[in-house]
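Here the protein sequences line up with chains Y and R, keeping their order.
Numbering-wise, my numbering puts 928 at position 928 of the first sequence, and it's gapless, one number per residue.
Numbering-wise, my numbering puts 611 at position 611 of the second sequence, and it's gapless, one number per residue.
Keep in mind that a hint or two might mislead.
Derived Cβ-Cβ restraints for the label pairs, each shown as a range [to be verified]: (1) Y:A597 / R:A487: 30 to 36 Å; (2) R:S390 / Y:L650: 45 to 51 Å; (3) Y:G392 / R:T576: 56 to 62 Å.
Subject to a maximum C-alpha distance of 30 Å in a straight line, what follows is the list of computed BS3-like cross-link-like pairs (lysine-lysine) [unchecked claim]: (4) R:K157 / Y:K806; (5) R:K157 / R:K181; (6) Y:K185 / Y:K171; (7) Y:K201 / Y:K165; (8) Y:K157 / Y:K171; (9) Y:K596 / R:K181.
FYI, nobody ran anything at the bench for these hints, they're computed from the structure.
Remember, predicted model here, so these are calculated numbers, not experimental data.
Where a beta carbon is used, it is the ideal one built from N, C-alpha and C, also for glycine.
Number of protein chains: 2
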Amino acid sequence: MDCKERYIYRFGASVVDGDLSMHTLLGGKGAGLAEMTRLKIPVPPGFTIGTNACRYYLQHGKLPSGFARELTLALRWLENAARRTFNDADNPLLVSVRSGGAVSMPGMLDTILNIGLTRESIDGLARQNNGVQSLALDSYRRLLQMFGTVVLHVPQKEFDVILTKVHIEEKTNSASELPPKTLLKIICQFGHAIESSAGRKFPDNASEQLDLAINAVFESWGNPRAVYYRGMNGIPDEMGTAVTVQAMVFGNAGVDSGTGVGFTRNPSTGEPEIFGEYLDNAQGEDIVAGTRTPVPIAALAASMPSIYNQLSTIVRRLEEHYRDVQDFEFTVERGKLFLLQTRAAKRSALAAVRIAVDMARDGLITRREAISRIPAASIMDIMAAQLDFSAGTPPSIATGISASPGAAVGRIALTAERAVLTAAEPGADPVILVRQETMAEDIHGMDVAIGFLTAHGGATSHAAVVARGMGKCCITGAQTVVVDEAANLVRIGEVVLNEGDWISLDACTGRVFSGQLPMRPITEREPALDQLLQWAIEQNTLTVRANADTPDDARRAIAAEACGIGLCRTEHMFFTPERLPHVRSMILAGTVDERKAALSALLPMQQHDFECLFRAMAPWPVTVRLLDPPLHEFLPALDDVRAERALAALADSSEEVARLDHLIERIRALAEVNPMMGHRGCRLSISYPEILEMQVTAILQAAITVQAEDGLNVVPEIMVPLVATAEEMRWLRGRIDTVAMEVFARSGNSIPYQVGAMIELPRAVVAAGAIAEHVSFVSFGTNDLTQMTYGFSRDDASKFLESYLKENILAVDPFTTLDQEGVGTLMALGIAHLRAAKPNIKIGVCGEHAGDPTSIQFFALLGVDYISCSPARIPVAHLAAAQASVTAHNITDLPATIRSGRKGVDFPPNSRRKFDPRRNGYSCQPPALIPEGI
Amino acid sequence: MDCKERYIYRFGASVVDGDLSMHTLLGGKGAGLAEMTRLKIPVPPGFTIGTNACRYYLQHGKLPSGFARELTLALRWLENAARRTFNDADNPLLVSVRSGGAVSMPGMLDTILNIGLTRESIDGLARQNNGVQSLALDSYRRLLQMFGTVVLHVPQKEFDVILTKVHIEEKTNSASELPPKTLLKIICQFGHAIESSAGRKFPDNASEQLDLAINAVFESWGNPRAVYYRGMNGIPDEMGTAVTVQAMVFGNAGVDSGTGVGFTRNPSTGEPEIFGEYLDNAQGEDIVAGTRTPVPIAALAASMPSIYNQLSTIVRRLEEHYRDVQDFEFTVERGKLFLLQTRAAKRSALAAVRIAVDMARDGLITRREAISRIPAASIMDIMAAQLDFSAGTPPSIATGISASPGAAVGRIALTAERAVLTAAEPGADPVILVRQETMAEDIHGMDVAIGFLTAHGGATSHAAVVARGMGKCCITGAQTVVVDEAANLVRIGEVVLNEGDWISLDACTGRVFSGQLPMRPITEREPALDQLLQWAIEQNTLTVRANADTPDDARRAIAAEACGIGLCRTEHMFFTPERLPHVRSMILAGTVDERKAALSALLPMQQHDFECLFRAMAPWPVTVRLLDPPLHEFLPALDDVRAERALAALADSSEEVARLDHLIERIRALAEVNPMMGHRGCRLSISYPEILEMQVTAILQAAITVQAEDGLNVVPEIMVPLVATAEEMRWLRGRIDTVAMEVFARSGNSIPYQVGAMIELPRAVVAAGAIAEHVSFVSFGTNDLTQMTYGFSRDDASKFLESYLKENILAVDPFTTLDQEGVGTLMALGIAHLRAAKPNIKIGVCGEHAGDPTSIQFFALLGVDYISCSPARIPVAHLAAAQASVTAHNITDLPATIRSGRKGVDFPPNSRRKFDPRRNGYSCQPPALIPEGI
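Sequences are here, hints too, so could you generate the full structure?
Encoded structure:
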């Protein structure tokens with residue numbers, strides 16, 4: 001029954017009917033004011049009309065029957081609390097009427113101030129406020145304007161025209177500067193404007209104003225922009241808005257009044273101090289207008305010590321209660337402090353980390369809460385280099401995909417060769433490699449460049465992957481960029497840049513700038529971040545490894561507290577200038593013996609690579625992936641060889657011509673229509689077992705050498721890429737074990753080693769159970785698995801992914817964040833097969849997704865044992881994985897197909913799965929991160 | 001206990017201990033002789049020593065204890081049955097000792113004839129055989145030779161040397177021509193050879209011969225070639241062999257004796273007549289030696305009517321009993337007929353069909369048995385053209401993959417353009433297109449060529465797919481072929497062929513011949529095959545549709561009794577010379593309006609295509625797939641355009657240079673690293689909805705036109721290729737329906753249409769349930785699904801598939817026969833999702849596998865509604881699908897993952913699922929194939 005339902009809830013002056021938990025009924029604002037009242041924080045008294053009244057109004061076109069009486073009673077109480085009287089000329093009670101839904105819809109609903117002010121009570125208002133006439137007149141002017149537009153639907157521009165004219169005449173900028181006479185003139189003109197536009201006079205009666213205002217706010221729920229906003233954000237139309245009616249307070253009532261905005265801590269630096277601004281004799285909009293300069297809140301300690309002390313107490317109380325840093329608004333009305341609003345403060349990434357760590361240290365929040373509060377990806381911003389836009393932001397010349405964060409300023413190089421030459425000059429400026437797209441053969445140029453810009457490719461293209469691996473900044477898919485290698489220039493729309501010109505990349509936003517922009521100095525490693533990460537590592541049940549190919553990578557991985565290398569790509573070792581000739585001889589070999597000869601030249605180099613890597617990582621495990629890319633990636637470009645041949649022909653060098661003809665023939669023979677699905681991965685090892693034999697020999701000899709020479713415990717894991725069937729793995733396992741036996745026999749020494757398979761083909765997912773029988777571990781290569789599952793080539797997909805994201809056919813790029821429904825379902829299927837076949841099999845993920853927080857959360861829920869990402873992403877991975885551990889019990893938003901497959905996956909709530917080098921496995925004891933002896 | 005176990009089983013002379021079902025114990029030969037005895041067919045009497053004795057012997061190195069006594073009893077019985085005496089000089093009993101396992105191991109085990117013959121009994125043997133002395137002497141000579149090699153391990157060449165010397169001296173070729181004196185000399189020399197080589201004399205005692213021979217046969221089970229053969233064929237080593245001891249009969253005992261081999265029906269033509277050869281006074285090896293010419297068995301009707309009548313009766317009895325055509329051996333010994341062996345006859349594909357049909361007509365077998373007996377793929381041989389090798393087979397110059405069966409003789413063309421030009425000349429010879437590999441742009445050249453030869457690609461490369469679609473012969477992956485377009489020649493090893501030279505392809509075996517070989521005339525359509533196919537169609541529960549792009553294809557499909565078109569590839573319609581310019585304008589368009597203009601030029605042509613197709617197929621449904629290949633396939637090759645640009649630059653044609661520069665830029669911009677996973681399929685429709693709009697408009701306007709003008713019931717089905725997610729399908733379905741509404745509104749007429757999705761990505765398999773909500777049907781594109789599941793590009797996989805097949809890592813090419821474990825499991829998963837979401841959804845398969853019998857069987861078990869294959873494969877598909885229906889109850893060899901998903905799939909045993917045009921669906925009533933009114 002309507003008559004029994006309560007619609008109005010009071011707050012302020014020691015009376016409070018609601019609390020924070022009632023935000024569905026009272027809206028965020030109303031519930032917040034109630035909560036502040038409960039905390040004995042001074043707020044201007046008022047009451048909130050619940051969303052139930054709104055719903056009734058929208059449904060019936062009128063307010064419920066008992067409402068009027070409830071409103072009268074609430075007003076009577078408010079008059080008492082505020083010690084003013086509604087509809088009274090001498091001591092008028094003015095109120096604000098504000099909308100406020102349960103879900104914030106910023107700027108979408110309406111607010112009216114100064115309700116209750118009439119021509120008759122203007123003088124009374126002035127008297128209340130130290131006799132300031134202009135305050136009262138300007139308040140009335142504002143009432144006319146807001147009431148006119150919101151309630152009577154007078155177009156805003158009717159008022160603007162009048163105000164602008166006056167400002168021109170009076171040479172003023174703001175209404176608060178106007179003398180009373182002028183304000184009176186404006187009031188008069190506003191009244192005419194309302195009458196002629198709305199066809200009725202402004203209601204100069206407080207009760208009528210209030211009733212109309214409440215109805216207008218309810219009706220504003222249905223205005224087109226609000227409806228659109230709700231549609232966009234999935235907010236149900238039937239929620240309705242609450243209306244808060246609150247006594248007005250005036251910060252512009254003289255020098256003992258003022259207004260301020262503040263943060264309980266510094267939102268940029270996180271420092272634990274009240275931070276904000278205060279302007280005396282002013283209202284909120286005066287701070288915004290910027291015509292007068294506010295003072296720091298800290299200055300109040302001297303000028304208004306009592307107010308400052310009150311504020312300090314309130315700030316402590318707010319943080320203790322809300323357990324988070326708050327952003328608050330306050331007004332001082334004739335020496336009396338009122339808080340108007342408080343809410344969780346937006347803060348910089350750095351501040352977020354410092355605040356969370358400080359609060360956890362102070363015991364205000366738990367360490368797990370501290371971990372949960374930091375958006376994992378945001379810590380990249382703390383660690384990455386940035387351009388310095390403090391002197392202004394020039395127009396960007398191109399925009400691409402933010403493929404690897406950071407910033408770089410350097411000179412353009414258009415080829416890897418040029419990059420190497422330029423960088424080798426004494427005192428050379430930094431180099432930025434700009435290419436249509438990068439390929440494996442560009443790796444030496446990428447090594448010396450400080451950043452990459454490519455016209456093609458997405459967030460998982462070659463350039464992106466390499467950049468993240470190297471921790472360098474990279475922008476890909478800048479589609480307007482056209483590289484003209486022949487002319488040694490880059491065209492970007494109308495802009496033409498020559499090789500050697502300066503260019504600046506802001507990879508955090510994907511913007512490209514011409515010229516040499518300043519960089520922000522990279523600060524020292526942030527101690528709060530280190531602390532947070534340490535907590536994250538303690539909390540984490542997922543082992544984090546690094547994708548690392550070099551001892552440098554390995555050292556960075558160790559420094560970031562990676563528990564081993566989860567992916568060492570051996571192909572990168574083949575691209576160095578002194579090796580490429582041997583690699584090419586191997587590829588061009590006409591017979592198995594010729595191929596073996598070329599491989600035996602590579603063997604000592606490869607073995608040296610592994611020795612360095614093992615030394616850097618011991619005793620952590622190192623997973624070495626056997627050669628993966630198709631062989632043609634190691635051959636020069638056909639056009640280059642053709643050009644060389646033409647020169648040789650001109651020089652009558654018939655021997656050279658014959659050699660180049662053979663090369664051309666081999667390049668053609670090895671060319672593939674779809675190299676991603678071609679002769680690569682373990683298919684190479686099956687066609688050319690000599691390559692596998694060389695690599696396995698190098699891995700195991702290196703391990704034996706390091707163990708013998710350095711006394712280090714080396715744990716090599718040999719990983720076979722692109723496995724499709726159990727038969728392949730059986731065959732390869734046989735070969736690997738045979739080679740191992742030979743190496744052990746030759747050296748008279750042996751070491752334990754593991755053999756694993758990459759699961760990156762849907763075929764392998766289906767066969768995972770059978771594959772498990774031949775391996776000790778598997779690692780999901782989610783890049784390739786995404787490519788094959790979708791049939792999306794990551795080198796080509798940027799061409800259509802744009803339409804897909806624009807049309808909302810895909811919510812996110814599946815190469816950036818794992819597609820849980822599709823690829824994730826296959827992973828879950830594969831893991832179910834794996835665990836069924838071999839419960840203790842070690843399962844990892846080494847695709848790019850292993851550095852993406854959302855994907856990491858998902859991997860944790862799937863119950864993988866480890867993830868392996870680029871060294872630069874390890875802190876992010878630690879944090880995201882820790883967050884997954886914290887929220888592991890909440891699996892309701894997993895796709896149903898996966899949830900049902902998760903039986904038996906269990907997360908110990910407070911333990912950390914640790915690598916145990918003695919058994920080359922994982923345990924849940926909580927020992928120190930780096931085992932003793934390191 | 002050994003003493004209770006029976007080892008010896010008798011047969012012949014109305015006594016028989018075994019039967020056919022005991023072949024594990026008695027071996028195939030022993031069981032067959034027992035079975036013939038049961039059928040009262042005269043066989044020389046004998047007994048079989050079971051495999052249990054062999055196993056005992058191999059395990060213990062000696063025969064079981066009771067064995068000797070059992071052998072003695074069996075011999076006593078045999079002496080009685082044969083009316084001769086073992087170890088008797090006057091009337092000796094001679095026996096053959098033959099091995100015979102349960103599984104046939106041809107030529108792997110040993111046989112010894114004439115056991116029981118001694119120096120003393122030679123005269124007795126001559127007396128038994130019309131006094132022919134040389135018969136007896138030669139029998140002894142053979143005994144020495146066989147016993148010497150098999151039992152005493154004397155090298156064969158010891159005997160060969162002696163024989164050769166005698167033949168040279170006597171100027172003879174065969175031992176049967178030698179006079180007694182010479183035979184005696186040979187016997188003497190053979191005796192010396194045995195003594196010096198084996199270190200012992202030949203045992204001139206019947207019992208000793210028999211014991212040693214039995215042991216030798218048992219031991220031959222372990223000889224290296226037998227072990228190797230078993231390893232190759234997966235025959236368990238512990239099976240052991242049986243030994244059959246059988247009384248010798250002699251066909252060389254005079255003119256009333258002889259020997260023959262026969263078939264109960266003609267194995268080449270299938271004609272129902274005794275077929276075979278008879279040679280009087282001869283043994284089996286004389287027929288093989290070919291020194292005398294045998295007569296047809298039919299001639300016995302005159303020369304030996306009684307024998308002929310006996311044979312006729314036996315033949316009827318054999319066929320009635322074995323219910324199949326038999327291949328038998330027989331001997332006449334002095335007017336008495338003995339059958340020596342019978343087994344199912346090998347027969348030609350044509351004979352197999354005729355025999356099965358005749359037998360079914362005669363009621364000997366059921367129609368379902370007739371269907372089951374024909375290897376479905378073999379009927380392609382009956383229908384395909386063949387080279388005529390009757391005048392001898394020249395050496396082939398290359399060998400490749402038999403990608404599309406048949407044969408072709410024509411002149412070489414190296415480019416599509418040349419093929420078109422050559423074929424257009426008046427009185428032109430047929431053309432064979434020889435290319436490194438074919439691409440979509442070669443389609444007009446493939447249209448005029450009669451066969452294709454490519455150096456690259458496998459059984460599912462572009463050339464192979466197009467060839468099968470066109471029913472033309474094709475050899476792919478002939479790796480030694482090098483096409484040098486620049487020099488207008490082909491190099492194959494040392495052979496060089498010029499464009500225009502004659503070449504002959506035998507695509508059934510993959511052989512390539514230089515020059516113009518004769519063709520076998522293609523016979524009229526075989527009535528027995530038509531009958532068999534009619535029965536198959538009646539039996540079939542799977543609907544068979546055709547992949548057809550042209551009205552010609554459609555007519556061939558109708559003639560082959562296809563129930564509609566399951567895949568019309570619209571891209572083939574874009575490659576004709578008058579359309580390509582419009583297609584290219586569409587691709588090169590800078591704005592949506594330009595693109596729409598180009599498309600509107602294509603619209604009437606495309607609409608005309610569909611009108612023709614609908615007219616040809618009505619009222620059967622036509623599934624039109626929207627544009628699938630990436631747009632760059634329609635652009636010219638970059639090298640060609642560069643050459644053109646160079647010419648234009650020379651000619652100072654700056655306008656043309658600019659045009660070509662733009663073209664080069666677009667070709668580069670559209671180029672893809674992995675086009676198979678690139679901007680193709682429905683991704684085109686999402687990026688360029690104008691293309692989809694044109695195609696849907698053309699389809700629906702064509703359908704309305706044909707319905708209105710011809711009064712035909714047109715059932716267009718619009719199929720969207722390469723769908724990955726339900727969101728794509730929802731978006732596309734919306735577009736298609738919008739276009740349909742516009743077409744219907746414009747024309748004032750409407751027709752029912754269906755929208756479907758191709759499931760060819762693993763992502764779509766996972767999402768199949770959600771996709772089902774937006775479609776009426778789906779079709780599995782198993783080519784692409786195989787590519788994506790394995791990550792095998794079918795254009796590139798031939799490079800490594802060879803190693804895979806050689807190393808037994810793959811049993812078959814997964815592009816030829818569906819990989820049930822991997823791709824099949826995904827299909828089963830998808831079908832389970834589809835049926836769960838929409839039980840009546842129509843599910844088809846339109847990949848190449850839809851023409852492969854093994855795969856079709858599997859599809860039937862998965863419960864798909866229809867398969868769609870190239871018109872040429874439709875008879876194969878009908879037959880294979882019918883065989884699947886016949887064996888549908890037997891699903892035990894399905895992968896477990898699939899079996900469990902098959903719940904609810906039910907095959908009505910004797911009904912046929914028929915298309916019902918009235919409801920555009922399927923029913924199980926058995927109406928006529930083509931509905932009334934056609």
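K157 (chain R) paired with K181 (chain R) [C-alpha distance capped at 30 Å]
It holds: about 23 Å lies between the C-alpha atoms, which stays within 30 Å.
Would the hint linking K157 (chain R) and K806 (chain Y) be met if the CA-CA limit is 30 Å?
83 Å, violated
Do the alpha carbons of K596 (chain Y) and K181 (chain R) lie within 30 Å of each other, as the hint requires?
65 Å, violated
Is the hinted pair K201 (chain Y) and K165 (chain Y) satisfied, with a Cα-Cα distance of at most 30 Å?
23 Å, holds
Lying within 45 to 51 Å: is that true of the beta-carbon distance S390 (chain R) to L650 (chain Y)?
57 Å Cβ-Cβ, so the 45 to 51 Å window is violated.
State, for the Cβ atoms of G392 (chain Y) and T576 (chain R), whether the hinted interval 56 to 62 Å holds or is violated.
59 Å, holds
Mind checking the hinted window 30 to 36 Å against the Cβ distance between A597 (chain Y) and A487 (chain R)?
34 Å, holds
Is the hinted pair K157 (chain Y) and K171 (chain Y) satisfied, with a Cα-Cα distance of at most 30 Å?
Cα-Cα ~20 Å, so holds.
Holds or violated: K185 (chain Y) with K171 (chain Y), Cα cutoff 30 Å?
16 Å, holds
In summary, the structure is inconsistent with hints 2, 4 and 9 from the numbered list given earlier, while agreeing with the others.
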